[in-house]
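Q: Sequence:
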Amino acid sequence: MSGHRFGSTDAADSAGRSWAGRVFQPNPAAGDDGAADPALLAALTAFAERRGARAAVVEALRAARLLVPLLAEAGDVGRTVEGRLVDKTQELSLVTVEGPGGRAVLPAFSGVDAMRAWDPSARPVPAEARRIALAAGADGSGVVLDPGSPTEFALRRPALAALATGDPWVAAWDADELWDAYGAFMAEEPGVLAIDIGPVREDSTFFDPEVGIVLTLAAEASESAASAIIARADAVWRGLDPGLFDGPASVAVAAVRAAP
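Numbered per numbering that gives the first Met the number 0, the sequence shown spans residues 0 to 259.
Everything labelled a hint here was simulated from the structure, so no lab data went into it. For clarity, every value in this text was computed on a predicted model and none was experimentally measured. Built from N, CA and C at the ideal position, the CB exists for glycine as well. Wrong hints could be hidden among the right ones.
[As the list claims (entries may be wrong)] Each pair of labels, with its calculated beta carbon distance range:
1) 93 <-> 247: 23 to 33 Å
2) 238 <-> 118: 42 to 52 Å
3) 257 <-> 201: 17 to 27 Å
4) 41 <-> 257: 36 to 46 Å
5) 247 <-> 138: 15 to 25 Å
6) 139 <-> 238: 52 to 62 Å
7) 219 <-> 179: 24 to 34 Å
8) 49 <-> 100: 39 to 49 Å
9) 120 <-> 183: 48 to 58 Å
10) 201 <-> 255: 41 to 51 Å
11) 255 <-> 187: 34 to 44 Å
12) 239 <-> 120: 36 to 46 Å
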């Protein structure tokens, strides 16, 4: 060994621990230039431009490498001989931000450019999307991809669960289970002329609600009748598999009257 040793020797490291028996594995990210996965970036861009589907983004994530940010936090503070305050130590920590409604959200990035635009001081740590999904699931957090960028995309619990397990992800508004349940509901409700189920917003955010269920009622429906029908319709989705939804606040049931 040559050059600066900083207390280490040929036999042991600076803490006195022997080098003998240690195995140093090659860094799998050594050749990673931080660029976004082309398939993932294409899916995110297509969705942002209203040309692609949410499901395409989730599928592209399965094989993608993401970056999670590490930020330095001040540790012990000391003073120089001149009396100036200085950081004696710094600690690096993963970042969790507060999302809408106070929920914890883990930021992740498709590439280093998006991370630098978010915080130039963040240090990128490569991680598979599946591992990030597992970590978020364990903490009950959401994940937001590329926050503050045109390709920003929120991953709620159902999509994260699909990434973690490898199971297919189907948006709640596309699930046969939901449509079948409301088909049966409509057959028993003569005052309901039509039902529309879909995303409340075209973009992907953590702002609730996410899923909208809109009932078209007969023009002559009274306020009391409409309220009773909405309450019964609300009970339908609450009786389904909760894994379809991101939580009770993520679904909204509303009603409109048909033109007379």
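Q: Going back to the hint list, which numbers does this structure go against?
A: 6, 8, 10 and 11
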